[in-house]
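K.L.:
Below are the chains, spelled out letter by letter.
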Amino acid sequence: GAVVSQHPSWVICKSGTSVKIECRSLDFQATTMFWYRQFPKQSLMLMATSNEGSKATYEQGVEKDKFLINHASLTLSTLTVTSAHPEDSSFYICSARALAGQYNEQFFGPGTRLTVL
Amino acid sequence: SQKIEQNSEALNIQEGKTATLTCNYTNYSPAYLQWYRQDPGRGPVFLLLIRENEKEKRKERLKVTFDTTLKQSLFHITASQPADSATYLCALGPARQLTFGSGTQLTVLP
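Here the protein sequences line up with chains A and X, keeping their order.
Heads up: the first sequence begins at 36 in the working numbering, then just goes up one per residue.
Heads up: the second sequence begins at 5 in the working numbering, then just goes up one per residue.
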């Protein structure tokens with residue numbers, strides 16, 4: 036149980052284009068989903084927290100107009116990187132917190148490797 | 005500001021030995037402390053959670069301790085195996101906002 040999927044697992048795009056990453060909780064409902072980015076040999080940095088049906092809360096320094104988050108249902112959140120540039124190349128990971136999580140852990144997706152040329 | 009430090013970037017041990025990883029934190033009083041495993045190119049996988057009022061938690065070959073006075077958690081893997089090689093992350097905070105350490109890369113040598 037508690038499986039989170041991400042799609043795509045990797046994507047290469049040209050500078051200036053937009054890329055959408057999907058995060059789904061497969062076997063549970065998630066009131067809250069989180070988006071992280073991770074650079075090589077560095078820790079996960081929280082970008083934003085999204086709650087189903089409401090606007091995402093962005094961490095300081097994260098441009099909300101550049102990283103659009105939509106949490107349309109209790110099982111799906113999307114992150115759109117708009118007008119991507121090479122510096123946006125990174126590993127993006129989502130996680131989900133169960134509706135009634137006993138232990139309050141987050142369940143992570145496998146990540147999406149974004150490369151912007 | 006909150007700060008989390010994991011004692012070493014990399015740790016090599018011999019198969020069968022006990023691996024001990026350290027997580028120290030400052031300017032914070034977390035209600036929970038969690039440990040995750042991350043393999044290259046993959047998302048973290050939850051291992052153990054320990055609450056502030058718990059001293060120790062075990063799960064199979066894993067053991068976590070939590071000392072709120074020292075502001076430190078120790079993560080032990082007993083009878084280590086090459087398959088345990090991965091990066092281990094500690095994370096603090098309530099589930100609504102976890103803060104991660106930078107991780108310790110463990111290599112278990114056969």
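These are calculated hints, taken from the structure and not from any lab test.
The structure displayed is predicted, hence computed values, not measured ones.
A hint or two may mislead.
[Claimed, not checked] With a straight-line Cα cutoff of 30 Å, these simulated DSS-like cross-link-like pairs (lysine-lysine) come out: (1) X:K67 to A:K101; (2) A:K49 to A:K99; (3) X:K7 to X:K75; (4) X:K7 to X:K67; (5) A:K90 to X:K67; (6) X:K75 to A:K76; (7) A:K101 to A:K49; (8) X:K21 to A:K90; (9) A:K90 to X:K59; (10) A:K101 to X:K7; (11) X:K75 to X:K59; (12) X:K21 to A:K76; (13) X:K75 to X:K21; (14) X:K63 to A:K76; (15) X:K61 to X:K21.
[Stated by the list, open to error] Quick look at which bits of chain A chain X covers, simulated, 3 or more residues with Cβ under 8 Å: (16) 47–59; (17) 109–116.
Glycine residues also receive a C-beta, built at the ideal position from the N, C-alpha and C atoms.
K.L.:
Indicate, hint by hint, whether the structure satisfies it.
P.N.:
Checked hints:
no.: 1; hint: X:K67 to A:K101; result: violated, 42 Å
no.: 2; hint: A:K49 to A:K99; result: holds, 21 Å
no.: 3; hint: X:K7 to X:K75; result: holds, 11 Å
no.: 4; hint: X:K7 to X:K67; result: holds, 23 Å
no.: 5; hint: A:K90 to X:K67; result: violated, 39 Å
no.: 6; hint: X:K75 to A:K76; result: holds, 24 Å
no.: 7; hint: A:K101 to A:K49; result: holds, 16 Å
no.: 8; hint: X:K21 to A:K90; result: violated, 48 Å
no.: 9; hint: A:K90 to X:K59; result: violated, 38 Å
no.: 10; hint: A:K101 to X:K7; result: holds, 28 Å
no.: 11; hint: X:K75 to X:K59; result: holds, 12 Å
no.: 12; hint: X:K21 to A:K76; result: holds, 25 Å
no.: 13; hint: X:K75 to X:K21; result: holds, 26 Å
no.: 14; hint: X:K63 to A:K76; result: holds, 27 Å
no.: 15; hint: X:K61 to X:K21; result: holds, 20 Å
no.: 16; hint: 47–59; result: violated (count 0)
no.: 17; hint: 109–116; result: violated (count 0)
Figure legend: structure checked against the earlier numbered hints; hints not met, in rising order: 1, 5, 8, 9, 16 and 17.
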